[in-house]
Amino acid sequence: MNQYVLKLYITGHTAKSDRAIANLKNLCEKELKDQYELNIIDVLENPQLAEDEKILATPTLIRELPPPFRRIIGDLSNTDKVLLGLDLFPKNNLTQKGD
Amino acid sequence: MAKKGKLKNEDSKVNKLEIKKLKTGISGFDVISNGGLPINRTTLVSGTSGSGKTIFAVQFLAEGIEKTGESGIFITFEETPEDIRKNMLSFNWDIQKWEKEGKWAFVDASSKPEEESIEAGNYDLGAFLARIEHAIQKVGAKRVSMDSLGAIFTQFTDSAQVRKELYRITMAFKNLNVTALITAERIEEYGEIARFGVEEFVSDNVVILRNVLENEQRRRTMEILKFRGTTHHKGEYPFTILTREGIIAIPLSGIELKQKSSNIRISSGVSELDKMCGGGFFRDSIILVSGATGTGKTLMVAQFIAGSSKNDERCLLFAFEESREQLFRNAGGWGVDFERMEREGKLKVVCMYPEVYGMEDHLVAMKDIIEEFKPNRIALDSLSALERVSTIKSFREFVIGLTALIKHKEITGLFTSTTPTLLGGPSITESHISTITDAIILLRYIELFGEMRRGITMLKMRGSKHDKDIREYTIDHSGMHITKPFRNVTGILSGNPMNVPDQELERLGVMFDEE
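Chains A and B, in that order, are what the protein sequence lines are. Just so you know, the first sequence maps onto residues 0 to 98 in numbering that gives the first Met the number 0. Just so you know, the second sequence maps onto residues 0 to 514 in numbering that gives the first Met the number 0.
If you're looking for bench data, these hints aren't it; they were derived computationally from the structure. Mixed in with the good hints, there may be bad ones.
Unchecked claim - Derived contacts from chain A toward chain B, CB cut-off under 7 Å, selection only:
{"no.": "1", "residue": "K6"}
{"no.": "2", "residue": "Y8"}
{"no.": "3", "residue": "A49"}
{"no.": "4", "residue": "E50"}
{"no.": "5", "residue": "K53"}
{"no.": "6", "residue": "L55"}
{"no.": "7", "residue": "I71"}
{"no.": "8", "residue": "G73"}
{"no.": "9", "residue": "L75"}
{"no.": "10", "residue": "K80"}
Unchecked claim - Over 10 Å on every C-beta distance to chain A, these chain B residues come out as not near it, computed from the model:
{"no.": "11", "residue": "K66"}
{"no.": "12", "residue": "N86"}
{"no.": "13", "residue": "L124"}
{"no.": "14", "residue": "L128"}
{"no.": "15", "residue": "G139"}
{"no.": "16", "residue": "E184"}
{"no.": "17", "residue": "R194"}
{"no.": "18", "residue": "N214"}
{"no.": "19", "residue": "K309"}
{"no.": "20", "residue": "K392"}
The beta-carbon is built from N, C-alpha and C at its ideal position, and this holds for glycine as well.
Bound conformation, chain B alone (with noise of 0.2 Å):
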C-alpha cells in the first residue's frame, strides 16, 4: 500500500515537469500542435507580409472568448486598434463587443507618423510594461497577442535596448501567467527566422507561417519549428483563410493515423464487377478509376450511386467536370434517376470549376459538405481536373487529406482520373496517388481487327483476391455490362493490342503452370 502511495507521488511530480498547452481553438493547429501553445509561455510566430500573422494574433484571442471564455489583450505595434477592429469583421470578431463586455483590451503602441521622438538620453520602455500590465489586471487576461514586432524597432534608435526591454516584458508574461503569441517579420520564405534578431529573446518556441509562390499558385502553410520540451508534428501543414471562420490548418498526419479498416464489403452498383472484386468494394475504400475520355468512368461513377441506394444508403457526388444537367441526362441514359434520389435525400450532388477555389479551399469546402451530409458513399468525378489546377505538392496533401478524411468517417470513396491518350497508358494523377488508393480500376479502349472495343481489370485492390483478368464490357441504356476476358490479345495495358494465336497461348499456359 505504502508503496503504491509512494508511486502515485512520483507519477504527479512528472506530471507536473510536464508543459502544459492551452488549446488555441485555431482550426487543425491543435492537431499540429500535439494541443495548443505551451502554457505560460511565450510563442514567436514568423512570417512574410502578407502570410497572415495578424490574424493568427487576432484568432488566438477570439478563440479563447469565444470557446473557452478566456480574456485576452492585444499590443498593436503597426496597425492601429480602429483599422484592426475594421478589418476583423469579416471573420465575424467583434472586437468592439468585447471591448464593452470586458473581455478584450488593447495596447495601443502603433506609431503616429507625424509625431517623431526625439531621443535625449537612456530609456528604457518601463511605461509600456505598466501599461500591459495595467491591460491584462483591467480584463483578467489569459492571452497576449502582440502584433508585429518588427513596427517597434524603427521607432527607436537603440535597438540593442529595444531587445533588452522586449525580454523584460516576455519576462514578465511568465509572471503574470498569460500565454503570449508575438508575431514578428521574415524577408525570405526560407531564411533567417525573424528581423530584427527577435528570435534572441523569444526562442523557445517557434512557429513560422509561409506564403510560398509555386507555378503562380500561393500556397499557405505553417511548420512548428520547436517547442521547447513537449512535442508538436514536424514538417509543413497546408492551412487556408476563410472569410468567417479565418485561419484552418489541415493536419494531414494527424487524422492518418486513426484510420480503421473494415471487412464489410459493398456493392460497386455492377454485379460483375462486385464479382471480380471478390464480393465488392470494402467499405472505407478507396477507389482510383482510371481511363480515358469515354471509356465510362462517369458511368461508373452512376452505377456505384446507383448501387448505393439499392442499400439505404446515402451518396454524395462532387463533380468538376460536367453541369448538372449533363450529369442528370447521362444518368438517366444509363437507367439511374438521379433527379429522384436527390428527392428522397439519397443524393447530393456538388457541381464546382475546379479553378474557383485554391486545393485547401476545396479541401474545406468538402469538408463541410461531407459533414453535413453524412453520406455512405462519396464519387469524385474527376480527379484529374482538379489536378491541372493545381501544383503537384497540393494536389497530393488535397488527395491525402480527402482520402483520410474519408476513411476516418467509414465512408467509400470512388475517384475517377483521365488517361491522356487514348489507348494505355498511365496518367500522371495515377503516378502521384496510386499508393493512397486501395483499389485500382482500369478502363481501356482496344483496338482489334478495325473495331474500338473496351476492356476492364482490376489492377490491384488491397487486402482481398481479385480477378487478374482483363474483360470486355459494352455500355448500353441499362449501364454497364461487363462480358468474357480478351484471352487472345496481348499488349492491352502498353496500349499495343495484338492477337495471339491459339497455339500460343497454350504454350504459354504451360510456361507459367498456375499455382
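One chain only, chain A, in its complex shape (with noise of 0.2 Å):
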C-alpha cells in the first residue's frame, strides 16, 4: 500500500538534480519501503506542470499525501530537514534513544 505520494520537481539532468533524486531514493528505500510513491517531473519538459503547482526553486519535493501538503526544496542533502518535512523520525535514532 502506497501511503506516501511524493513529486520531485528537477530542472534538466544536472548535478544538482542528480543529487537530488539519488538522496530522495536512498531515503525513501530506507525509510519508507513499500509505502510510497514517487513521480519525478522535469520542468523542462513540463514547464506548464510547474506553472500549476506554482514550483519556483528546484528541486522541489511535494508531499501530496498523506496530508498536510507540504513543499521540501533543494537537493535534499539536509537529511533532518526532509524527514521533518515527511514527519517521519529515523529509525536508528529512536532504537538509540529506545536504549
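If you follow the hints, you should be able to join the two separate chains into one complex; please do so.
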C-alpha cells in the first residue's frame, strides 16, 4: 500500500538534480520501503506542470499525501530537514533512544 | 560615389550601436524618456508602497496590447492574478479577455501563506525561469513586467542565491528579445534605490516613482535616475493616476521647448486697453491680470471673452471662484451675454471647485477640455483660488504646464490673480509666476481725497511697446472705460498715493528728460 505520494520537480539532469534524486531514493528505501509512490517531473519538459503547481525553486519535493501538503526545496542533502518535512523520525535514532 | 557608399555604411553602423527604445504608450513617460524604455533591456522601477508601481507595470503591458499589438507576460510575486485582474478593471484593462485572446499570460509566483516550504539543501530558481520562458513563448511576448521583487526575498532564506538567480533571469530576458520592467520597493522617498540590494543586478536603467507628502498633500512624481548609454529628461516630473486612463505623466520641459511665438495681435475687448498695449495682446501670449477684490478682474475676463466673439473666435472660461449663475448674471450686468455665446458654441464655461482635485488632476482635466473644445482664447478666474489649495511647487508646475499647453496650441490665455491687500502690494501668486507670463496688467484701488478710484497700468508686455501710464478707469453697465492718466499722484503701486503739486511735476519732468 502506497501511503506516501511524492513528486520531485527538477530542471534537466544537472548535478543538483541527480543529487536530489539519489538522496530521495536512498531515504525512501530506508524509511518508507514499499510505502511510497515517487514521480519525477522535469520542468524543462513540462513547464505547464510547474506553473500549475507554482514551483519556483528546483529541486522541489512535494508531499501530496498524506496530508498536510508540504514543499521541501533543495537537493535534499539535509536529511534531518527532509525527514521533518515528511513527518518521519529516523529509525536508528528511535532505536538509540529506546536503548 | 564610392566615398558616399562608405559613409553610408558608417552611418548605419552608428545607428546599430545606438540603443533603440520601445514606446511604452504611458502618456507623458515616452516624452520624459526620449522615446520609451531601452529595447531588449531590463528597467528597474522603484518606489515606496502606494507610489503606483503595480499600475505602471500593468499599464506597460496593457498599452503594448492596445496600442502596438505586442503581447506581454506578467510575473507577480505579491498579489495573486485574481486580485490583479479585479483591481485593474477600473482602468478599463480587461486582463481576462487578453488572456483568452492569448495576448497576456501570468506567471504566478505569489506565495501562499499557509504553505511554508522547508529548505533542505542547495536549490536554484530553474523552475521559475522555465515557467517564464514557457509563458513568453506561449503568447509570443515582447514585454515582461515583474512585480514586485521584494516579495521573493521573503520566500527564501538565502537572499544571495535569490539575487544570483534573478540576475540569471534578467540575462535570459535579453536572449529572449523582450523588454522587461521590474518593480521594487524602497523605504524612503529619498534614500537608497531599492530594498534587498536589487539594483546590484538591474542597474542599467532605473526609474523612481515618488509619492511625497508635502503640506498635507500627496504629490506624485517620476524620475528617470539613469538610462545607461542613452538619453532621457532629468529631474522629477509630476504625474497623476486617473481611473480609466492609468498613469499620466506631465512632461513640463518636454513641451516648453516647442513654443512658437507670433506677432498677430488680438483685441482685449477694451479698445483703450488695446491702445495701451500697442494694438492688442499677442495671439499666443499669457496675460496676468492682478488686482484686489472688486477691482474688475472678472470684468476684464468678460470683456476678453466678448472681444473673442467679435472675431468669430471660440473662448473657454475656467471659473474657480464663482458659480455659473453668478458669472452669467454679472456678465449680463456689463452688457456681455454669456448665455447667447454658449448657445452659439462660441463659449464654454467650466466651473469647478479648486478643492475637488489635486493640481495634476486639474491640469489633466483642463487639457482634455481644451483638446475637445479647441478654443482660441482661454480665461482662468482665478489662479489665486487654485494656489490656496496647493503647494508652491505643484502650483508652479501647474502654471508652467498650462501655459506651455496654451502656447503650443497658439491660444491666448488670460489669468487673474487676487492681491491680498486693497491698496497696492503684490500677491504671492505673482511672485511665483510673473516670469512665466508675457504681459501683466495691474488693477489698483487709489484713495484720493476721501474717494476710492481705480487705476490700471501695463506692468510689462514682452516684445511690444506699451503705455507706461497709470490710467483711471470706471465701470458701468457697458463695461470698463479707461480714461486719462493720474498725473498729480505718486506712490500708487506702493499703496501710498500722494498728491503732487503741478510745480513739482514740472521740476520732475525736466529731471528725467524722456528720450
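Give me the numbers of the hints this structure contradicts, sorted from smallest to largest.
1, 13, 14
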